[in-house]
Amino acid sequence: MMETGGLAPKTSSGRFFEDFGLHDVIVHATPRSVSEGDIALYTALYGPRFAPQSSNAFAMGIGFPAQPVDELIVFHIVFGKSVPDISLNAIANLGYADGCFFSPVYAGDTLFATSDVIGLKATSGGDAGIVYVRTTGRNQHGTVVLSYARWVLVKRRTQGPWQGKDHAPELPKVVDRTHLTYRLPKLDMTGWDMALSGSAHRWRDYQTGEKIDHVDGMTVEEAEHQLATRLWQNTARVHFDAHAAKHTRFGKRLIYGGHVISIARALSFNGLGNLGFIAAINAGRHVAPLFAGDTVYAWSEVLDMTDLPGRDDLAALRLRLVATRNRPCADFPLKDGDAYAEGVILDLDYWGLMPV
Amino acid sequence: MMETGGLAPKTSSGRFFEDFGLHDVIVHATPRSVSEGDIALYTALYGPRFAPQSSNAFAMGIGFPAQPVDELIVFHIVFGKSVPDISLNAIANLGYADGCFFSPVYAGDTLFATSDVIGLKATSGGDAGIVYVRTTGRNQHGTVVLSYARWVLVKRRTQGPWQGKDHAPELPKVVDRTHLTYRLPKLDMTGWDMALSGSAHRWRDYQTGEKIDHVDGMTVEEAEHQLATRLWQNTARVHFDAHAAKHTRFGKRLIYGGHVISIARALSFNGLGNLGFIAAINAGRHVAPLFAGDTVYAWSEVLDMTDLPGRDDLAALRLRLVATRNRPCADFPLKDGDAYAEGVILDLDYWGLMPV
Amino acid sequence: MMETGGLAPKTSSGRFFEDFGLHDVIVHATPRSVSEGDIALYTALYGPRFAPQSSNAFAMGIGFPAQPVDELIVFHIVFGKSVPDISLNAIANLGYADGCFFSPVYAGDTLFATSDVIGLKATSGGDAGIVYVRTTGRNQHGTVVLSYARWVLVKRRTQGPWQGKDHAPELPKVVDRTHLTYRLPKLDMTGWDMALSGSAHRWRDYQTGEKIDHVDGMTVEEAEHQLATRLWQNTARVHFDAHAAKHTRFGKRLIYGGHVISIARALSFNGLGNLGFIAAINAGRHVAPLFAGDTVYAWSEVLDMTDLPGRDDLAALRLRLVATRNRPCADFPLKDGDAYAEGVILDLDYWGLMPV
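Chains as they are written, first to last, in our numbering: chain A, 1 to 356; chain B, 1 to 356; chain C, 1 to 356.
Among the clues, some could well be false.
What the hints assert, rightly or not - When the alpha-carbon atoms are kept at most 25 Å apart in a straight line, the in silico BS3-like pairs for lysine-lysine are as follows: (1) K252(C) to K252(B); (2) K211(C) to K252(B); (3) K246(A) to K252(C); (4) K252(C) to K252(A); (5) K121(B) to K246(B); (6) K252(A) to K155(B); (7) K211(A) to K121(A); (8) K173(C) to K211(C); (9) K252(B) to K252(A); (10) K186(B) to K155(B); (11) K173(B) to K186(B).
These are computed hints drawn from the structure, not numbers from a lab.
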């Protein structure tokens with residue numbers, strides 16, 4: 001770009017820590033229409049079998065106007081839009097909290113995303129800082145469909161003491177049950193045929209503390225995670241550039257953390273077949289990286305259960321969803337002392353909805 | 001699952017031979033809406049060029065309300081639904097017979113599947129048994145779109161003599177010509193432009209005994225067959241888990257047999273360009289496994305020809321479609337004495353429809 | 001095919017040089033409907049972020065009836081149709097010229113393609129000849145959507161002097177500015193929100209001679225280019241058959257040149273975010289082959305700028321788009337003396353449209 005003379009540089013190299021100001025509102029490019037093509041690709045990439053998202057006929061039989069788009073498609077698209085503005089210079093994606101799905105999305109809707117900077121904190125090393133954002137996804141009518149907080153360790157432009165003021169936002173550890181209703185239509189549960197949904201177990205059949213090994217494993221190929229990550233228009237270069245990756249710590253491409261979440265969610269069908277909706281993400285940590293060639297396994301633990309204000313059709317399970325690499329989960333691996341156990345790559349805490 | 005205390009286990013490990021009863025009717029999860037996304041993915045996975053399924057304009061020009069969904073998409077989806085209930089503990093998929101396509105499927109339709117247990121037969125070894133099922137696919141109106149028999153070698157829960165009674169169903173070797181009309185609309189063949197369909201050869205230009213080498217080869221990648229098999233929501237773990245596969249006979253993932261059928265059908269366009277419709281599957285055998293990195297070739301033999309009761313637009317060719325791996329088919333490889341020849345992986349006997 | 005007796009051979013092995021006649025018009029199979037599935041797959045394969053093609057809401061906000069299909073989808077489909085008739089026996093694809101996009105394409109449209117033979121020239125070696133064609137894509141209404149010239153080195157059937165007469169067509173070096181209006185609707189530029197489109201730079205912010213490094217790299221996998229090339233129903237066997245490729249000069253599969261164009265175009269978003277439309281392709285050369293495992297980088301140079309007759313919404317940039325393999329483009333690699341520099345694989349000269 002040195003040859004552009006007096007012209008403004010046309011390429012973006014992303015924001016560094018100093019480029020964020022508390023309470024900044026960042027409008028993300030590019031709005032993205034969701035289509036039946038995305039639904040088919042999501043099926044091909046992960047193999048989900050939850051009935052409301054798989055079948056128009058099933059969804060309409062319980063009261064939806066059409067099959068709702070999988071919540072994780074919505075999450076990945078909104079997240080992907082935020083990458084060029086928030087995390088292009090991220091060293092690490094530190095965590096998620098207070099994520100709520102507020103309204104179903106249907107094929108034909110267009111998603112827009114913005115992020116509010118809700119916290120900034122320099123690190124003691126002086127070469128990076130933590131940026132806290134609340135990212136919000138809206139549809140073409142301006143209706144909020146998703147909102148979540150995340151915090152990211154972002155490189156500094158310069159070293160040395162930071163002149164700004166630290167501010168770390170207070171975030172709830174768990175999304176309150178009053179926020180889980182998700183604006184789903186009132187469902188006609190006579191249409192929820194449990195032979196068709198693939199599981200005979202309803203909310204009342206689970207109990208707090210119950211652990212479920214999801215049994216199956218899914219090996220990931222480079223082409224698969226690249227297709228997925230591009231589908232979300234996520235531009236983080238660590239996922240795509242094997243040439244540059246040769247000179248990094250791992251020596252190879254990293255897989256987008258959201259890819260692991262979607263694989264684990266799809267595997268969890270075997271054991272949670274009626275958990276038709278993700279209502280909220282309480283917390284999430286990508287404990288260790290996943291690489292192409294690795295096989296993902298998953299298990300779940302019921303952390304809590306609650307009914308929902310004003311609804312007698314659905315109730316909520318709070319679940320820990322743990323994913324591992326190259327380690328089957330019959331022994332429910334999680335911690336080894338204070339540290340995560342060998343092989344654990346994802347520790348996700350979320351609320352899901354199931355017929356009562 | 002040991003930590004679930006008194007609770008019912010939530011995961012399914014699939015039916016074993018003893019879990020099937022003669023005349024059981026099994027309703028399969030999950031209903032699946034077919035969309036334009038599936039059509040595009042099918043094109044990307046196999047590259048088919050048959051005009052009625054490729055073009056709305058062509059299809060409507062010959063009398064369809066829209067481009068019909070490729071019959072093999074319908075087959076794979078219906079088959080995939082049956083896997084968790086029928087063949088999760090299968091040792092081998094032994095064969096197909098008496099498969100009929102009864103009605104076209106269009107984007108927007110939802111497919112449901114059920115299987116009737118039509119036969120059971122213990123094996124002499126005592127550790128497995130053959131389960132015969134008739135699997136039926138229906139659309140959202142309850143119209144049967146596909147029905148076929150298959151038989152599978154399924155593991156026993158326990159060893160030793162089986163207390164049940166052997167029953168092997170009688171199945172036709174070839175689907176009768178009266179069952180080939182397929183509820184296709186009466187076609188306006190003036191719209192079947194042979195420059196656009198890509199072949200100048202009509203039904204009457206073929207003859208029984210004719211062999212056609214389809215020339216081209218298609219190499220298969222792990223990502224491709226995994227995308228395909230998940231697209232059909234087929235959960236057979238042998239296709240996806242490289243970690244577990246290390247300890248199996250082959251040491252690697254197996255490719256879904258239906259993937260081979262679709263590749264061979266797409267390759268067969270070069271020689272059978274006007275064979276726009278598959279009407280019936282008489283018999284099918286996956287002779288040997290295919291692995292990623294292998295290249296598939298195919299050839300066809302015309303086994304029989306027949307006109308169709310009450311139709312003067314289309315007539316039927318009975319074809320043997322043979323696929324090989326890493327072996328071009330100029331010499332039409334099939335048998336070597338009694339055994340299949342080196343490299344042969346598929347021997348499929350089907351009826352296809354072509355302009356008279 | 002020797003066993004077919006007196007029957008006409010049913011397979012096509014493609015045209016050789018002697019099979020083309022000057023002014024022949026070749027109708028290509030198979031018409032192809034474009035759908036939202038193709039748009040989603042294109043996003044997954046390349047990760048484009050140009051707003052008009054990504055979002056129905058954005059496109060309709062500037063005056064389109066719906067999001068237009070990416071011009072390169074149209075190009076690849078039309079090009080793919082021409083392969084079985086034009087370049088199945090090609091030794092090399094020598095160049096493109098005078099390519100114009102004439103009308104937007106929308107999901108639901110069906111594309112048809114024809115080629116006119118506009119030139120023939122034997123080579124001195126006597127074993128090949130150059131075939132010049134003008135390929136035209138039309139939609140279901142017969143409206144021309146794309147037209148371009150290309151020339152291909154095609155094998156001869158026989159060696160020795162050719163009896164025909166050489167004719168090389170005159171082709172413009174650059175498409176004239178009067179041909180760039182592209183039948184786009186008159187746009188309401190108040191709807192072109194530059195926060196949403198992802199770039200603050202409009203046409204007037206660029207200048208002739210400006211060079212832009214697009215920074216990011218994209219590694220290509222075998223599964224990806226095979227999915228893409230099959231999606232366009234492009235049957236050139238060099239892209240798909242690893243078994244046969246073992247005995248070729250490169251020993252492996254070649255990647256379809258259009259795959260490189262689409263990757264480079266997608267990478268160019270970082271620097272050319274508002275270049276919403278490709279109006280014309282002036283010239284194109286695939287300088288060297290790309291193989292799976294390679295990483296593609298790209299840079300652009302502004303070659304010329306022009307306003308458009310009768311339009312005050314959009315103006316045109318003439319750009320050189322250069323792609324490399326395994327070589328980042330901070331130093332804008334192009335030529336090394338008379339030859340292309342090490343690593344350069346694509347040199348494309350095109351007109352794009354941007355808000356004034």
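**Q.** Holds or violated: K211(C) to K252(B), with C-alpha atoms at most 25 Å apart
**A.** Violated, at about 48 Å.
Q: Mind checking the alpha carbons of K252(B) and K252(A) for me, to see if they're no more than 25 Å apart?
A: Satisfied, since the Cα-Cα distance of roughly 23 Å is no more than 25 Å.
Q. Between K252(A) and K155(B), does the CA-CA distance stay at or below 25 Å?
A. Given that 25 Å is the threshold and the Cα spacing comes to 41 Å, the pair is violated.
Q. Does K211(A) pair with K121(A) here, judged by a C-alpha cut-off of 25 Å?
A. 37 Å, violated
Q) Given the proposed pairing of K252(C) with K252(B), does the C-alpha separation stay at or below 25 Å? A) Holds. K252(C) to K252(B) sits at ~23 Å (cutoff 25 Å).
Q) Would the pair K121(B) and K246(B) pass a check requiring their Cα atoms to be no farther apart than 25 Å? A) 31 Å, violated
Q) Hey, K173(C) versus K211(C), does the alpha-carbon distance stay inside 25 Å? A) 21 Å, holds
Q | Restraint status (C-alpha distance of K173(B) to K186(B) at most 25 Å) | A | It is violated: about 28 Å lies between the C-alpha atoms, which goes past 25 Å.
Q. Regarding the pair K246(A) and K252(C), is the alpha-carbon distance no greater than 25 Å?
A. 23 Å, holds
Q. Straight-line Cα separation of K252(C) and K252(A) no greater than 25 Å?
A. With a Cα-Cα distance of about 23 Å, the restraint between K252(C) and K252(A) holds, given a limit of 25 Å.
Q: Below or equal to 25 Å on CA atoms is what counts here, so check K186(B) against K155(B).
A: 46 Å, violated
Of the numbered hints listed earlier, those contradicted by the structure are 2, 5, 6, 7, 10 and 11.
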